[in-house]
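**Q** Numbering (our numbering), first residue to last: 1 to 103.
Keep in mind that the hints are not guaranteed to be accurate.
Across the chosen pairs, the derived CB separations fall in these ranges [claimed, not checked]:
hint, residue 1, residue 2, range
1, G94, A11, 39 to 49 Å
2, A63, P30, 17 to 27 Å
3, P30, V76, 38 to 48 Å
4, I28, G67, 13 to 23 Å
5, R95, P30, 37 to 47 Å
6, S24, M59, 14 to 24 Å
7, V93, D6, 35 to 45 Å
8, T80, A9, 14 to 24 Å
9, S16, V45, 16 to 26 Å
No lab work stands behind these hints, which were simulated from the structure alone. A virtual CB, placed ideally from N, CA and C, is assigned to each residue, including glycine.
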Amino acid sequence: MNPLIDPTAVAHTQLSHEEVQRYSRHLIMPEVGMAGQKKLKAASVLLIGAGGLGSPLAMYLAAAGIGRIGLVDYDVVDYTNLQRQVIHGTKDVGRPKLASAKA
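Let the sequences and hints guide you as you build the complete structure.
**A** The structure is reproduced here in structure tokens:
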């Protein structure tokens, strides 16, 4: 048993019809399947930094179905961030990165 995964949380995790459609490519992979997707949904990940690595990682983790993503970053979005920090846009310049990422 993996101590990083709460088996009780996984046992109570269900996928909605929409989630089954969204993650259908994961579900047909023997390495993931329904059990693996439920583990992803029950998982929590904390990212330190919403910059050049953290911002695309947050997007990919969300797209993969991670149930809870936490971000820690005390910086604000700057124009120089935009070419590599894909979670932020021009309208976010001057905003805290956390507020931008949450939107």
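**Q** Of the hints stated earlier, which fail here?
**A** Hint 8 contradicted; others consistent.
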